[in-house]
Amino acid sequence: MSDPVPLIELENLHRSFGSMQALRGLTCRIPTGRVGLLGPNGAGKSTLLKILLGLLPPSGGRGRVLGRELGSAGSELRQLIGYMPEADGLVSGLRGVDYVALAGELCGMPRREARRRAHEVLTYLELEDARYRVLDEYSLGMKQRLKLAQALVHDPPVLLLDEPTSGLDPSGRDAMLELLGKLGREHHKSLILCTHLLGDVERVCSTVLILHKGRLLRQGAVSELCARRQDRYILQIEGDPTAFRDELTLEGVNVVADNKRGEWRVTVPNGFVTRAFFSLASNHGVLIRGLSVDDESLEELFYRVLAEADPDG
Amino acid sequence: MAELNPVLLRYRGWRGSLSDNGATVTVLFGLGQFALLGLAAILTGYIQLATLTLFMLNFSLVVRSRAWPVARIAIEQLFCRRLFWGLYGLSLTVFLMYFFGQYLMSWAQNQLGESEVRVGAVGKVNPKWLLDFLRNALKFNGSAEMFRNFFWYETNSVMITLALSGSVLIGNDLRHGSLSFYLSKPLERWHYLLGKGLAVTGFLNLFTTLPAIVLFVQFGLLESWDYFADHSQLLFGIVAYGLVLSIHLTVILLALASWLRNTVPLVMAWMTLFAFAQGVSSALVDGLHYSPRWRLVDMWNCTFLIGNHLLSVPSEAIRPAPQPPVGEAALVLGLVGFLCLTLLILRVRAVEVVS
Chain A
1 MSDPVPLIEL ENLHRSFGSM QALRGLTCRI PTGRVGLLGP NGAGKSTLLK
51 ILLGLLPPSG GRGRVLGREL GSAGSELRQL IGYMPEADGL VSGLRGVDYV
101 ALAGELCGMP RREARRRAHE VLTYLELEDA RYRVLDEYSL GMKQRLKLAQ
151 ALVHDPPVLL LDEPTSGLDP SGRDAMLELL GKLGREHHKS LILCTHLLGD
201 VERVCSTVLI LHKGRLLRQG AVSELCARRQ DRYILQIEGD PTAFRDELTL
251 EGVNVVADNK RGEWRVTVPN GFVTRAFFSL ASNHGVLIRG LSVDDESLEE
301 LFYRVLAEAD PDG
Chain B
1 MAELNPVLLR YRGWRGSLSD NGATVTVLFG LGQFALLGLA AILTGYIQLA
51 TLTLFMLNFS LVVRSRAWPV ARIAIEQLFC RRLFWGLYGL SLTVFLMYFF
101 GQYLMSWAQN QLGESEVRVG AVGKVNPKWL LDFLRNALKF NGSAEMFRNF
151 FWYETNSVMI TLALSGSVLI GNDLRHGSLS FYLSKPLERW HYLLGKGLAV
201 TGFLNLFTTL PAIVLFVQFG LLESWDYFAD HSQLLFGIVA YGLVLSIHLT
251 VILLALASWL RNTVPLVMAW MTLFAFAQGV SSALVDGLHY SPRWRLVDMW
301 NCTFLIGNHL LSVPSEAIRP APQPPVGEAA LVLGLVGFLC LTLLILRVRA
351 VEVVS
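Read top to bottom, the protein sequences are chains A and B. For the first sequence, our numbering begins at 1 and goes up steadily by one. For the second sequence, our numbering begins at 1 and goes up steadily by one.
With the rest of the complex left out, here is chain B (with noise of 0.2 Å):
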């Protein structure tokens, strides 16, 4: 290392100074916030707008916090891989297709007058029977039940996306030491563990949570704006159901990464329990007609259930039936979420700093 510039070669101290962690802030703020929700929830009775507050408040505390350097970096991980692209790509047409089709929809609702229109490659159609179809047959509505089912499509493609993110997200940081570099700088486990959830749950949100409420706000634009004063429950649903969502696939997924480390066994792992597991539930209670019950081996399925009753969908309107009660559903995911969390944190601990 022959000096070849003296003058950048020499070295220079760095007379910023750096932030603390902020682990005491965080809690503190946290407690704030929940005072505050409180409060809020009993002066005005507005939970969902105050919990909406709350969650939007933590997360630029989150934002401000070490946790964050270890999320965007995840998320540029994931990103400057195509297959991501594609993947996001694929979840992007579910959107659009709804955007375009809730424009359809009302474009159809202005020619009621005609008794025939013209649409593209379908050719001449009767607006009132395009409007049926789009309204009661696709459910372009702004009903819950859209809501129900867009994220029903959009979860198919992040549930594959998940499956492949997995290691890239935790597993590479096991399985090449890069986790003992961010827990030998002034960092926690738990911003560590609260960075990669995050990522995760940004991604996740990007692909299901945030084009939801895009359509939401499309929908209250092109009918009324009587429609957001009178569906503001369901936009706390769709929040509500993106959280619960984040929170139970991002723990599932980060605990299998860190046993599993890489794809192939991730993604057989993942699959079993989403797939095959729905597979087998699906088989005895519809097919052998066991007990309902049965459905809780399917955690997607659980998951589905706690979303429609977030989304407050009516019982008979979900499908496959029968179900189980919701409250049992919750049970497990909250059961299957602490069992994961407790794995997580274990490796995570088992990870030495100075070998």
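Chain A extracted, bound-state conformation (with noise of 0.2 Å):
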């Protein structure tokens, strides 16, 4: 049986304009779903995003999404993915009905059809008593929503987000994170959410690509990029630390975070036994109340990951 059609297929891809290198060698392959792409200002993520929807050619290398070659299929490449902009780009004085059921025209469909799918699409992202409404009286949540409208009306396997949830309360975050997650695991669309809030990646993706000044440094599935680390632990006590922190110091034992109410995080040494926490802690007259395998967060290992490939930064 051949494998399926990869989402994002790159190879050796480069891009620089002048002098500067944007991207450097990128190579991966990515399977479809739910793709976070994440990196600090200045990582690439812009250039590859525009690459990825055909307006910029690369300079260097291959790639290709679902199956379409990158540099040659500019209009093909955006008929395959809906592009929700982190910025307004509303045509001021239409109706939102209007907006979405233009972008349907733009991207090829009939007319009639464009302007029932746009009734559809309003109403699932539950716009519909908004529809009629010039685009300028909706608040920024509304906004966000009819962004997204206009990226999936013309039903398209991609969807590529730029900050989805830029300038949205918490409650419309968790309702446009929830409405993501849906159309990727329910409708089974490939999502590729470029944005620098990593709980948002965490949350919908199950895939991360990290660029770093315009390198590759991690790709590959959240789970196993966070899996738990063995040497890592979080120990609750009550009672005088600081003898047993010594303690534990002379055993080889880093306390990497205290939050002074009790709550260490430590890294242990190879060959720690978890046991040896309760003896030393018995002796110094301190009582453990928890002791966890501490998982790392995406964050976490985001920053990790930064501070390994960038130790001066």
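Source of the hints: derived by calculation from the structure; they are not laboratory data. No experiment lies behind these values; they were computed from the predicted model shown.
Derived list of chain B stretches under chain A, where covered just means 3 residues or more per stretch with a C-beta under 8 Å from a C-beta of chain A:
#1 11 to 17
#2 65 to 74
#3 181 to 195
Every residue gets a Cβ at the ideal spot worked out from N, C-alpha and C, and that includes glycine.
With the hints in hand, could you dock these two chains into one complex?
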């Protein structure tokens, strides 16, 4: 059985602007699904998005999105990808339904179909009451949903979302992330989520790409990258910790974080047996109320990977 | 976003097929049309007819392309403003003056046997005098001069309308980031420019070419069928004049609007280009008796001169006189058009879809 067509396939992809190298030899193969694109400012995310949208040809290397060659299939790629921009990009003076229908027409839908579909998508995104309102009257949350509607109107297999929760209040953000997750899980849309909010990626995406200075630092499933590290624990203690802490240090245990309310995050040396925590605590009159393995969050992973790549930064 | 109605709120895919953007077809069709035009011109000699056919066929193609939704939305945005309806009404009064003037002339022609006829509030007049007045003073005679004058009057309201519409048409797209919305779709930048150009062209022709063609047809029906055969060159001139106005004014307007974006500076620049330049050239040539080539700084005059040439108006009937050679006027328009198009393309290319 042949492999399914991957969502993104890059082979030594380069892009330079004069002497500035924006992307330096990206190589990856990302299966269809929910992908998070992470990186600090200047990492090359926007350049990669432009290349994926067929707006910019790569300077070198090759790449494909769902089997379509990058650089030669400009408008074909944009037909395949529904793009939700970070900036508003609304056509002033239009009503919601006209705007979404226009997006459909521009993607090649017949006018009548585009209009019918615009009503359907706006209803799905719970904007049915606001669809005849002029865009200038929309709230920020509604504008975000409207931007999603215009990306979704021609039912593309891939959605490229640039900061989809930007400016939303916590409940609006929750609702948006739930919606995106649903589109990915239940409706089998491939999502490429580009955001600075790592929590959003953690909630929605199954795969991440971490870019830094035009290089791909990490790629893979979130669950694998953030797999439990066997050398990190969370200790919850009660009592005077000073002597206990000194004793732990002598044993090679490093307290990496102390919240001053009795919770420590520690790393232990190879071969350290967790039972030793209890005996040492007992020796120093400290009570251990909790001991658990410390999972690495995506945020921690992100900063660790960046620190490893750029120790001086 | 709690699910209120699970049936309505269920996502359903779309099963239709999407059309491509038709770029290849457009180019091939255009080349094919030019080949047909050449063939028709060689075989029949009716180059005007062939040109009109080409124009119509290419227009129908554009209607099917991705540029059309861009143009349609731009026209809708213009027409949802009351100001434009007011200006359109103003231009319509000029058209109606000609339209009913031609009827009056036809009626006066039928009254030539009478010594006096009563004309509404004007009172009793001699029909021969009335006919002379309408035919020679007002030029309601179906001649090239009549259409030249009609275009001249209509262009005045067109100029005001265009100056006010530039920011709505393209300035707002750059100011509010709508351009990145268009360009994030399977649309090339030339589709966008073509769409906006089509909107201005459509708007402009609604003021000028279309009513002029209606007047041409009306005059032929009132006069005789021979008028159409004898004046086919005139119909070509009307369409060509409309085309020159459309292309030239569209490119200048879009370039200015992409550069200045807001209405007030745009109006000021527009007035400088077309009104102030006219005053300067008139002062230099008519007042200080400088070379008539100074009129070339006035682009409105340049289009007027080319229009006269296309309508085959005799050079002695062109006012103000003297005028520069028409070829030089065409060269100036071409040069300005090229510069504006370059500026426009650079402006649109500079827009970032992904910020």
